[in-house]
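A.B. asks: All letters in the sequence shown, in the order written, are residues 11 to 151 by my numbering.
Do not take every clue at face value.
[What the hints assert, rightly or not] 20 Å max Cα-Cα, derived EDC-like pairs, lysine to aspartate or glutamate:
1) LYS101 / GLU55
2) LYS127 / ASP113
3) LYS127 / ASP84
4) LYS105 / GLU94
5) LYS34 / GLU22
6) LYS67 / GLU109
7) LYS67 / ASP112
8) LYS21 / GLU55
9) LYS67 / GLU94
10) LYS127 / GLU55
11) LYS67 / ASP113
12) LYS127 / GLU109
13) LYS35 / GLU94
14) LYS127 / GLU94
15) LYS101 / ASP84
16) LYS127 / GLU40
17) LYS35 / ASP25
18) LYS67 / GLU104
19) LYS101 / GLU40
20) LYS21 / GLU40
21) LYS67 / GLU22
22) LYS34 / GLU94
23) LYS101 / ASP113
24) LYS105 / GLU64
25) LYS41 / GLU94
26) LYS41 / ASP84
27) LYS67 / GLU55
28) LYS34 / GLU104
29) LYS41 / GLU55
Hints listed in this document are in silico derivations from the structure and should not be mistaken for laboratory results.
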Amino acid sequence: MTRRTAAQAEKEIRDSARLLRAWKKFHRDEKNAVLAGPHARTLAELFRAFANIECVKPAQLIGFIGAINWSAIDYQTRLTVLHEVNSAITKFREKRGLEPIDDPLPGQPDNAYRIIKNLFNSFPQSREGPTPGSGRTTPGK
11 MTRRTAAQAE
21 KEIRDSARLL
31 RAWKKFHRDE
41 KNAVLAGPHA
51 RTLAELFRAF
61 ANIECVKPAQ
71 LIGFIGAINW
81 SAIDYQTRLT
91 VLHEVNSAIT
101 KFREKRGLEP
111 IDDPLPGQPD
121 NAYRIIKNLF
131 NSFPQSREGP
141 TPGSGRTTPG
151 K
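Make the full structure from the sequences, and use the hints.
C.D. replies: Spelled out as structure tokens, the structure:
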């Protein structure tokens, strides 16, 4: 019985590792597609800021993101950018020994991520749905 449980646990670990690799590859492919797309020049600078987030103040990041015309950028690209900013902020916080996510309590001012997310949500979602094969669901479904 113990041998079977150990084998099952080992299989779960292998499956989890495989799924994590697939998840990371998916997001890497999404990022590469964004950086090869029509908004590559603008978003490449933004992604450079994410990569050097230690040198960027929250107000600078919010200002840079706020200066981009997000209404001209499709919904899927916005989701990819939001994922990238979330990853950058989370890694930055973990590197400093802080909790990865620390949303403010009601009544407290929003943090940089919440301000950025609200900025993204202020633009309407695309009426067309996600691209086929993107792995995303249609907004509202």
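A.B. asks: Does each hint hold? Answer for all of them.
C.D. replies: Hint-by-hint comparison with the structure:
1. Our distance criterion of 20 Å between C-alpha atoms is met by LYS101 and GLU55, whose separation comes to about 19 Å.
2. Our distance criterion of 20 Å between C-alpha atoms is met by LYS127 and ASP113, whose separation comes to about 12 Å.
3. Restraint check: the Cα-Cα separation between LYS127 and ASP84 comes to about 15 Å, which is no more than 20 Å; the hinted pair holds.
4. At roughly 16 Å between alpha-carbon atoms, LYS105 and GLU94 fall within 20 Å of each other, so this suggested pair holds.
5. A threshold of 20 Å between alpha carbons decides the hint, and for LYS34 with GLU22 the separation of about 18 Å falls inside it, so the pair holds.
6. For the given pair, LYS67 sits about 19 Å from GLU109 by alpha-carbon distance, which is consistent with the 20 Å threshold.
7. Of the pairs offered as hints, the one joining LYS67 and ASP112 holds, with about 17 Å between alpha carbons and a cut-off of 20 Å not exceeded.
8. Restraint check for LYS21 and GLU55: the C-alpha separation of about 42 Å exceeds 20 Å, so the hint is violated.
9. Straight-line distance between C-alpha atoms of LYS67 and GLU94 comes to about 17 Å, which keeps the hinted pair within the 20 Å bound.
10. Taken as a hint, the LYS127 and GLU55 pair is honoured in the structure, with Cα atoms around 19 Å apart against an allowance of 20 Å.
11. This hinted pair checks out: LYS67 and ASP113 have alpha carbons roughly 18 Å apart, not beyond 20 Å.
12. For the hint pairing LYS127 with GLU109, the CA-to-CA distance comes to about 19 Å; that is within 20 Å, so the pair holds.
13. For the given pair, LYS35 sits about 14 Å from GLU94 by alpha-carbon distance, which is consistent with the 20 Å threshold.
14. At most 20 Å may separate the alpha-carbon atoms for a hinted pair to count; LYS127 and GLU94 meet this at roughly 12 Å.
15. Only pairs whose Cα atoms come within 20 Å are accepted, and LYS101 paired with ASP84 is rejected, the gap being roughly 26 Å.
16. Restraint check: the Cα-Cα separation between LYS127 and GLU40 comes to about 19 Å, which is no more than 20 Å; the hinted pair holds.
17. A distance of roughly 15 Å separates the Cα atoms of LYS35 and ASP25; the hinted pair therefore holds under the 20 Å criterion.
18. Among the hinted pairs, LYS67 with GLU104 is consistent with the structure: their alpha-carbon atoms are about 17 Å apart, no more than 20 Å.
19. A C-alpha spacing of about 19 Å is found between LYS101 and GLU40, which places the hinted pair at or below 20 Å, so the restraint holds.
20. Restraint check for LYS21 and GLU40: not satisfied, since their Cα atoms lie roughly 29 Å apart, outside the 20 Å limit.
21. Annotation: proposed proximity of LYS67 to GLU22 is violated, straight-line Cα distance about 41 Å (limit 20 Å).
22. At roughly 12 Å between alpha-carbon atoms, LYS34 and GLU94 fall within 20 Å of each other, so this suggested pair holds.
23. Under the criterion of a C-alpha separation no larger than 20 Å, the hint pairing LYS101 with ASP113 is consistent with the structure, at around 15 Å.
24. Under the criterion of a C-alpha separation no larger than 20 Å, the hint pairing LYS105 with GLU64 is consistent with the structure, at around 10 Å.
25. A distance of roughly 8 Å separates the Cα atoms of LYS41 and GLU94; the hinted pair therefore holds under the 20 Å criterion.
26. About 14 Å separates the Cα atoms of LYS41 and ASP84, which keeps this hinted pair within 20 Å; it holds.
27. Restraint check: the Cα-Cα separation between LYS67 and GLU55 comes to about 15 Å, which is no more than 20 Å; the hinted pair holds.
28. As the CA atoms of LYS34 and GLU104 are separated by approximately 18 Å, the hinted pair is consistent with the 20 Å bound.
29. A C-alpha spacing of about 13 Å is found between LYS41 and GLU55, which places the hinted pair at or below 20 Å, so the restraint holds.
Of the numbered hints stated above, those contradicted by the structure are hints 8, 15, 20, 21, listed in ascending order.
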